[in-house]
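Work out the full structure, taking the sequences as your base and the hints as a guide.
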Amino acid sequence: MMKFAVFALALFSVPLCSHAAERRLLPLGTPFADGAILQREMEVPVWGWSEPGAKVTVEFAGQKKEATAGENGKWMLALDPLKASAEPAEMRISGGGGSAITLKDILVGEVWMASGQSNMQWLASKCDVGQVLQKQIAERVEAGEEKPPVIREGKVTDYFATLHPIEHASGEWISDAGNMSAVAFAFAYRLHRELGVPIGILNCSFSQTAIQAWTPREGFAEGEDEYTKAIYQKILETDPASPEHKAAWEKFYQGIEGTLAENKQLVAAGKAAKDISTKTPGNMSGNRDATWLFNARLNPMIPYAIKGCIWNQGYANMGEGLVYYNNLHSMIRGWRQLWGRPELPVYFHQFYCPNQNEWDFSPSIGSTAEMRMGTWLARDIPHTGMASQIDITGAIHYANKTLPGQRLALHALKNQYGKDVAADGPMFKSYEADGDKVIVTLENADGLQVAETATNSKSGLAIPTVIPNGEAQVKLFHLAGEDRVWHPATARIDGEKVVVTSPAVKSPRGVSYATGGVGNQPNLYNKHLLPTTPFIQYDNKLVTSETWPDNPIKVAGVVPDPNAGGLKEEYRKMPICSTQFRENAVLQADKPLVIWGSAVHDWGYEAKGEALIHFSFAGTEKTIPVTPGMREWSVTLPAMKASAEPKTLKVSLTIDGELAREHIANGIVIGDVWYVGAPADLPKFADPGKPSGIVRMMTRKAKGSSFERPRRFSVATSTTPAPDNRFASYWEDATGAAAAIGAKLSSGADRPVGIIFMQTGKNKGEPDAPLKEWIAADCLDMGPSLMDDYRELAGVRPGNEFFDANVRRYIAEWKKYWAEYVPEMIATKRVPDGVPWGSYPQLASSITTKASQTHNVLVESFQPATIKGAIFISSPDLASAENAAVFGEQMGALANSWKKRFGGDDFPFLYTMPAKSLAPGISKPDAIKGASGVAEISAWDDPGAILGLAERAATLMGGNRQ
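What the sequence shown shows, in our numbering, is residues 6 to 967, in sequence order.
It should be emphasised that the hints constitute simulated quantities derived from the structure, not laboratory data.
Please note: incorrect hints may appear among the correct ones.
Stated by the list, open to error - List of simulated lysine-lysine pairs, DSSO-like, C-alpha gap at most 27 angstroms: (1) K88 / K69; (2) K689 / K749; (3) K284 / K256; (4) K834 / K820; (5) K820 / K284; (6) K269 / K820; (7) K834 / K821.
Stated by the list, open to error - Distance windows between CB atoms, simulated: (8) G571 / D425: 49 to 55 angstroms; (9) T283 / N768: 27 to 33 angstroms; (10) P347 / G201: 28 to 34 angstroms; (11) D439 / K573: 40 to 46 angstroms.
Cβ atoms here follow ideal geometry from the backbone N, Cα and C, with glycine treated the same way.
What follows is the structure, given as structure tokens:
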């Protein structure tokens, strides 16, 4: 294995140098660096910057060309067409004042641009390209069966996303095959084997990016459909020279001013102030919005001479459906316009099939199926082609990338290099109904056969395996009659046609094939082992979600999911009840009980129509109208006696009488609820054994334990309820430290005990959360040492002077951004502040403190729930020299903040603190209001103090334990 690793390194890697000092004197266009590959047999633009008016000379391959720098310092010239060469050559560029730079190891061959999201960016070493294909290549090279492939990859290295196009960016070329794009390497290798010339790839891809992000402004500008026009309107709103910009941003500023004025009245009336809207006009929904990635990672490469482009993307757009057709048109149109090549070849992938636990062969006109359809339809763009991935499956980053890359190469080999290869798999052409059967005619269907990719998916690059006489194994056809119900059908291959029948459909009118996906299931292929593209037709017309009358589509034997589509689908993640109020919850006895949750969609918008919250618990039923501006609902129930008898909580939302969200929590009992805040590292607790009664816990399942903003209704980032959300907190029988504490709390009591056990998390070597991170932002003024943190966070909390001042700063920075920053970027084609991902004003940009961040995750969604008491377990980090002096003051602030925000009444607050022997400078709280208790820790690895504190908590419960 070591022999291969060393050999492969020698085979695929060459040292490429840098010229930082020379580049500062004579900057070159991004692609021009050591190790570059230039396009053969066409003019090769070369560009850079010098002093205005300076003469610049470029010498390469016997040519000597000159250019004069313009007023902005930019110069450009074109080398005459070059012949392919794998012999390293030098390119010398010399400018005014004696400045010069020599690029080394320059080759000439074929250059293609590769773009997309993470499956294009994905490294060869992390999938079958590096783990199988490149090993096979190395073995053949070592055996003398082929020469080492000459493949290199160039990319932008310092910028990722900008609002407007830039030209000044750094670039590099690598020849380490394992660190190249897997799809692009597979594509390039197939070209290299056929052509025998160096292959260069411009890698312009990045993860979690939509197709719109890689589309230039020019591509949207000429769109004639309303969808594309709407995107272009947003782009105009971020062009400070346009009237659309002025109108949109004046409205934005006025809206903010109106909210500030309204807040003064609300605060004066004792009501909650409103947040301002920070939803800005234009393509400003983060730095992955339309054009941003193109502007930073692709525009600096233009107009580098290339043969064509390849595209692999889809995950970020799989929810948008057919408009992928519009987006492909916009992107390709824009690329061609900026390269000045109306016939620039562009080959794109059709989206693969993400893993399914059980393959569903039903027809689909869902968004993912329609995205594939839109991709197929986009073949109407001249000089393009589609490579199918319908028979590729896996996780988000599927492992089999060799086959998809090589299928893209087939289009290039056929159309650009005149090779006699087939590039397309079978595609729908027409069908006719003949009695009880449908005869489907396919294009590119010579040698029609059945095959599957499962057999070779791990070690054989997913090359399809033929299944002789395998028609019966194909489960992908469906027929529909007059009732529009789709029934599974069987297929018989008849030359380049397929005869489809179903005993359940006597007079078929529609036929569907594989619209729900194929993956590694048996599928139809032509003799070149290229798969059949999915299709769905009815009455000889394309079936789409817009034209089909049934939603959901009706499939025989399939009971529609009642939550799919409509309001139930839209509101499925709405946190209608906050974290505590879930299945098997323990709720507090003997006190007025507060139950609460969200009254709006999980994205925060209000329902359109009459919205009502319907509440039912323990004999109490209420209907709560959701009024304008109402964000939360709550019900306060009379005190209930402790009981282990299970109860059911039902809360639902209806909009104009239609059910939108329903939450049913069974197994709820009434007893004593304790909130326990704990550090990441705890001493080991002995197993207390099986409790005599009910002792349940709710713990953090989410990965993180801190966040900048409050998670109002969920400990996890997602509000998707369990069991569909593996990070959601839920009630379960207590274990570990919670069980040991619960055993003490429940000792001698015949009543359920619930422990909300929220423990921080941290990386190795990091300190645990300090006390100020456990305190809510609006309570930080309870401690003098926390006032700076309070003022800082008050700046993003409406209804106070600090917020108003911060908003004024926010508006002023936006105005300056449009008056200075953006015009400078447009004029210079540079990033003014050098920020790699782009920058723009933010309301919270002045926030540096981490105060309240643990509270935001571990506490926020439990307040103002009713509890019996709270226990806080101190960590060794709280005894550090930095924290010890303020321990007492901040522990007091924590206690008082919890007493204020949990249920609004007094309750016992108990805590541990290190003894003087552990923390000589530790200070003690002296301002905790109401009941409290403390246990000193003399050894951090001894749980005794914590258990003693729990025993003390049990005695504080007094008469309620009867």
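- Within a Cα-Cα threshold of 27 angstroms, do K689 and K749 meet the stated pairing? 16 angstroms, holds
- Query: Do the beta carbons of P347 and G201 sit within 28 to 34 angstroms of each other?
  - Reply: 30 angstroms, holds
- Query: How does the Cβ-Cβ distance of D439 and K573 compare with 40 to 46 angstroms: does it lie in that range?
  - Reply: 41 angstroms, holds
- CA of K284 to CA of K256, is that 27 angstroms or under? 12 angstroms, holds
- Message: Tell me if the straight-line CA distance from K834 to K821 falls inside 27 angstroms.
- Response: 18 angstroms, holds
- Hinted pair K834 and K820, Cα distance within 27 angstroms: Holds, at roughly 20 angstroms.
- Message: For the hint 27 to 33 angstroms, verify it against the beta carbon of T283 and that of N768.
- Response: Since T283 and N768 have Cβ atoms about 31 angstroms apart, the given range 27 to 33 angstroms holds.
- Message: Holds or violated: the 49 to 55 angstroms window for the beta-carbon distance between G571 and D425?
- Response: Once the Cβ atoms are compared, 52 angstroms apart, the range 49 to 55 angstroms for D425 and G571 holds.
- Given the hint that K88 pairs with K69, test it: the Cα-Cα distance must not exceed 27 angstroms. Roughly 16 angstroms between the alpha carbons, so the hint for K88 and K69 holds.
- Does the structure keep K820 and K284 at a Cα separation of 27 angstroms or less? Judged against 27 angstroms, a Cα distance of about 16 angstroms means the pair holds.
- Query: Taken at face value, is the distance from the CA of K820 to the CA of K269 at most 27 angstroms?
  - Reply: Within the cut-off at roughly 24 angstroms; holds.
Figure legend: structure checked against the earlier numbered hints; every hint is met.
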